[in-house]
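Protein sequences appear in the order of chains A and B.
Take 1 as the starting number for the first sequence in the numbering used here and just add one per residue.
Take 1 as the starting number for the second sequence in the numbering used here and just add one per residue.
Any given hint could turn out to be false.
Said to hold, decoys possible - Restraint ranges, calculated between C-beta atoms of paired labels, are given here:
| # | chain 1 | residue 1 | chain 2 | residue 2 | range |
| --- | --- | --- | --- | --- | --- |
| 1 | B | K118 | A | V316 | 53 to 63 Å |
| 2 | A | D286 | B | E300 | 16 to 26 Å |
| 3 | A | E263 | B | E178 | 18 to 28 Å |
| 4 | B | D295 | A | G308 | 15 to 25 Å |
| 5 | B | F265 | A | G308 | 18 to 28 Å |
| 6 | B | E178 | A | E277 | 39 to 49 Å |
| 7 | A | P145 | B | F174 | 48 to 58 Å |
| 8 | B | D208 | A | V235 | 37 to 47 Å |
| 9 | B | R283 | A | Q56 | 48 to 58 Å |
| 10 | B | D295 | A | G143 | 27 to 37 Å |
| 11 | B | Q172 | A | G287 | 16 to 26 Å |
| 12 | B | I121 | A | V316 | 41 to 51 Å |
| 13 | B | N85 | A | P212 | 47 to 57 Å |
| 14 | A | R43 | B | E300 | 25 to 35 Å |
Simulated from the structure, these hints should not be mistaken for laboratory data.
From the three backbone atoms N, C-alpha and C, an ideal C-beta is built for every residue, glycine too.
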Amino acid sequence: MRGYLGIDVGSVSTNIVFTNEQMEVLDSLYIRTQGRPIDAVQRGMAQMYDKDGDLQILGVGTTGSGRHLIGAMVGADCIKNEITAHAVAASHLNPEVRTVLEIGGQDSKIILLRQGIVVDFAMNTVCAAGTGSFLDQQASRLGIPIEKFGELALQSQNPVRIAGRCSVFAESDMIHKQQMGHNTSDIIAGLCAALVRNYLNNVGKGKNIQEPVTFQGGVAANVGIRQAFEDALKVQVIVPEHYNVMGAIGCALLAREEVHNGEKSSKFKGFEMLDMEFQASSFECDGCPNHCEVINFKQNGKLIARWGARCPRWEVG
Amino acid sequence: MGKTVGIPRCLLYYSYFPGWQTFFEELGAEVVLSSPTNKEIMDLGIRNSVDEICLPVKLFFGHVMALKDKVDYIFVPRMMSVQRNEWICPKFLGLPDMIKAQIRELPPMIKPDVNLRKSRIGLYYAAKEAARPFTKNNWQIMRGLFKAFSAQRNFDLEMKQGKTPLEILELQEFPEPEPESLTLALLGHPYLIYESFINMNLISRMRDMGVRLITPEMMPNSLIRKNAAKQPKNLFWTLNKVTLGAANYFLSAKTVDGIVQLASFGCGPDALINELIERRARREGQVPLLAINLDEHTGEAGLVTRLEAFIDMIKWRRVTG
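Build out the structure end to end from the sequences listed, making use of the hints.
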């Protein structure tokens, strides 16, 4: 099978998709990064390769916060930021789309499109309140599997009001409500509403949110959050089929563009890569008072890339 | 060999260094600069400053710490006003006091009050005060001031011709932009947009991406003032007035492909003015605006992601435009 590979290496999950030449998703994987992106990508690609041994990769794209690391590892044709990747994927699946809400592990963003073109976007600032990691953390504190979180929120009759401005305060507010005797589903529904409020106030501040609205990223799995968005925005919120791998789909699309639909040969290193040993290690440069933390990236013991320095001293020739 | 005067390489260094340097050298002093901001200076600044001030002022503390044992005097002007009926941010007014209260074993400070709010004669008093450790000779002071004026004017002219202080003062070189490349306006306090450590080499990043840059320092003052006056009320912060005037101009003249606006976390005037700019940008809706808040965070990923996405967006608009 010939096609394209898209890899989105996020803080919480690593997503890999394989599409055919018509850009239909044939296989998609959602793996927890667990702090080891190289390992996660190797595991995921091995899984794909085991399923279908004669995959022929025409192009590879990487995105997400680990895009440069994994891009160097697999030999990516296109290394793109996640905003562009998400926008490309959303407008590919639905050319009409005008608003993309995206909430991932540590990032949340809003992208406005008009006639398939990004006209404005915003991302959360340094605060990660209201993103997937916080929901994860709260789910495990309450002993609820994260997959059930949304359903439970929908069962609520009287959602309580939770302060959602800061996740630390939200947590103490939740504990307060729980000690007062509110039931869990009401508290969770309150949390969903609080996160949405926080998102719309910070990320979506002043943005002209128009239909169709799509909601993507890992958190889109949470029907409670989706419902809270619909209640707050008074519009229908569409969750696409491949909501949790949209970034990966986007960079597969961009990779296809980069290799001109397969006319140009890909830089992909091949599935032999699965047996190679990749190692990233860091050291502190003592050349000047900046003390840059420089990262060496080695493939089978041979240095292939280096980054993290503020000056050209450590550039690989 | 003359006495040494230390000048911290941050804050208004990017605006007035050529004038200051010439003045002190004319008086027979030797000017010593701290090294360009690095992690050590940043850490020193954060450790030794008060908690509530903005990042660039914290950085100033770091530069003073880096200089203090190497010089006979340290130059910490009390910049109150550089323009009639306007003020510089209050943190600058209190700068010498904050330094004195926080840092032990300082060399004597040269801390003239620079107050031109009522009249430009204020500059003469400031020069006289700054010259005190070196001379009382009025004629020498006037000559120093005159030469400082002309050095400063040359510097300003070079900026008007499209050079940044990074190229003039720090002798950095950037690739020439292609004729059809994007033009972006980079707005914000000079001590943010030219401070490569805090903004994670934003200018060189943008220039390496082939972007042609315009900063407020390259624009005619009259144009900036005229456009700042579009606001119903007159602003009295000089530096923010410049940002606002430049933004208002680009939002209506549409001579750039986009605007990148920097703000410092914890800066009161920025919080207000940048909100005004964002609102106008939204209202007029023609020129894309990217607002970036800078703080102590050293993760480059956030900045790079936003910048790349912004440039992608503009290019995409252009192709389909």
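Hint check results:
1. B:K118 x A:V316: 53 to 63 Å: At roughly 59 Å between Cβ atoms, V316 (chain A) and K118 (chain B) fall inside 53 to 63 Å, so the hint holds.
2. A:D286 x B:E300: 16 to 26 Å: 21 Å, holds
3. A:E263 x B:E178: 18 to 28 Å: 25 Å, holds
4. B:D295 x A:G308: 15 to 25 Å: 20 Å, holds
5. B:F265 x A:G308: 18 to 28 Å: 24 Å, holds
6. B:E178 x A:E277: 39 to 49 Å: The hinted range 39 to 49 Å holds for E178 (chain B) and E277 (chain A), with Cβ atoms some 41 Å apart.
7. A:P145 x B:F174: 48 to 58 Å: 53 Å, holds
8. B:D208 x A:V235: 37 to 47 Å: 41 Å, holds
9. B:R283 x A:Q56: 48 to 58 Å: 51 Å, holds
10. B:D295 x A:G143: 27 to 37 Å: 36 Å, holds
11. B:Q172 x A:G287: 16 to 26 Å: This hint holds: roughly 18 Å between Cβ atoms.
12. B:I121 x A:V316: 41 to 51 Å: 59 Å, violated
13. B:N85 x A:P212: 47 to 57 Å: Given about 52 Å between the Cβ atoms, the range holds.
14. A:R43 x B:E300: 25 to 35 Å: Check passed, 28 Å falls within 25 to 35 Å.
The earlier numbered hint that this structure contradicts is number 12, and it is the only one.
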